[in-house]
Amino acid sequence: MTLRKTLPLLLAFASLLLPGAASAKIFGTQPIDISVGPHGEGANGTSGHATISGDDRKARYVAFDSFASNLVRRDGNGSEDVFVWGRPHGMAGITLSRPARPSGSLVRASVSSSGAEGNGPSSNPALDGSMHASPHCVAFQSDASNLSRGDGDGTSDVFVRDLRSHRTFLASRGIGAPAVNPTIDGACHVVAFEAGGQVYMARIKSRRSPRALGGGSNPSFSRDGSALVWTDGTAVKLREGGRTVTVASNGGHASVSDFTQGYWGVVFQTSARLATNDNNPGTDVYMRRVSRGGSVVGTDLISATKRGGHSLGGSNAAGGISAYGAARGIITFANAVGSSNTLYYRNNHTGNIDDLAHSWGGSIFDVATSARANFVAFSSTYNRFRFDRNGSRQDVFFKALVDGEPI
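Per my numbering, residue 70 is the first one in the sequence shown, and the count goes up by one each step.
Because the hints were derived from the structure by calculation, they are not lab data. Being a predicted model, the structure only gives us computed values, none of them experimental. Note that the Cβ used here is the ideal one computed from N, Cα and C, for glycine as well. Careful, some of the hints might be misleading.
Have a look at the derived ranges for each label pair, beta carbon to beta carbon [to be verified]: (1) 142 with 234: 31 to 41 Å; (2) 365 with 420: 12 to 22 Å; (3) 331 with 453: 41 to 51 Å; (4) 243 with 367: 39 to 49 Å; (5) 455 with 278: 47 to 57 Å; (6) 258 with 157: 22 to 32 Å; (7) 278 with 302: 20 to 30 Å; (8) 362 with 342: 19 to 29 Å; (9) 453 with 348: 27 to 37 Å; (10) 157 with 455: 19 to 29 Å; (11) 159 with 94: 19 to 29 Å; (12) 367 with 245: 40 to 50 Å.
The whole structure should be built from the sequences, with the hints applied where relevant.
Shown next as structure tokens:
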């Protein structure tokens, strides 16, 4: 990425005020509910596990799972499904059309190559896309036995749906244990997942069996595919260049940036006190800079009032880091203090943070960050967002962060 491309974004973030107490004003657009039916009707089931594509500044897709049967026509399997919302270009993708529904398209992705709906529940989607590759694949787990010829039982498997070719591939071939929690690289070449306490990696369109990388759970790829992180017990592991190293002995829900300026940025949440300015007895979000070879060269408390400031307090959950690295990356996280939940971002270029969404009495979770962090998606049980079409049920929301940035 050139400085010319990044400068408008950096200047926009640099001009923001530091957060004090949570205010009614949020940065960026109002969150819009994208888990709605064809005519804007609220979903008749809960939706969650929001994830967002990693494609440069566009963020063309958001994927989520839902128990609703009224999001697309001819949904008759009575099971949880995976859906992909396609965002149109420009302002149309961040506002509501008439009737009150998001512009763009919503398709069900948990189907076979012939279009047959799954005969079992599907969930936990992950999308591809990177700074240099347009997204076109969604990985997910499913108990369905009719999505691929290579799968004939009801044990959970990991599948990849190619949205261009409309083909569905079995990724966890030959794995007997339930395969769950997939992650996919930005170019739709490789998928990783957990099964039986092990983390596996598989070539999506290969007939070879997946390769075990070691014990652990919840793997997550960098957008450029250069690194994979996961949690092994309480240790955060990073694999790069065929090596696996421990970057934190206590942590979870890890994500990793692309390799830029000589480092990966590994973001995770932990109850450990890893910095002197951490005065919070609850969970905090940290980032560690990791060089080639796996050496940790810096630790930064992210869930703080500013760079070097004290903890925000409460419980903080990591949302993700943008593609462009530890030094200039944007990190999102959710903060809960009592009944108040706030979605924050941290600009690691300036050290400032600001608030993106507030809820009082409802949780904000499943936070996902686009490659440039100019868009976020998240799940929430809060029923008073301005563009919430559902009311009391858990929904998936999408918003833009940077006013004036090309979208």
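Results of checking the hints against the structure:
1. A C-beta distance of roughly 22 Å is found between residue 142 and residue 234, which places it outside the suggested range of 31 to 41 Å.
2. Taking 12 to 22 Å as the suggested C-beta distance range, the pair residue 365 and residue 420 conforms, at roughly 20 Å.
3. Between residue 331 and residue 453 the CB atoms are about 45 Å apart, so this pair conforms to the stated range of 41 to 51 Å.
4. One distance hint, 39 to 49 Å for the beta-carbon pair residue 243 and residue 367, holds here, with the actual separation near 40 Å.
5. Between residue 455 and residue 278 the C-beta distance comes to about 49 Å, which sits within the given range of 47 to 57 Å.
6. Between residue 258 and residue 157 the beta carbons are some 27 Å apart, a value that agrees with the proposed interval 22 to 32 Å.
7. A hinted range of 20 to 30 Å for the beta carbons of residue 278 and residue 302 is consistent with their spacing of about 25 Å.
8. Our hint of 19 to 29 Å for residue 362 and residue 342 holds, since their Cβ atoms are close to 27 Å apart.
9. With their beta carbons about 32 Å apart, residue 453 and residue 348 fall inside the hinted range of 27 to 37 Å.
10. Range check, residue 157 to residue 455: about 20 Å between beta-carbon atoms, so the 19 to 29 Å window is met.
11. The supplied range of 19 to 29 Å is met by residue 159 and residue 94, whose beta-carbon atoms lie about 24 Å from each other.
12. Distance hint check for residue 367 and residue 245: the Cβ-Cβ separation is about 41 Å, which falls inside the suggested range of 40 to 50 Å.
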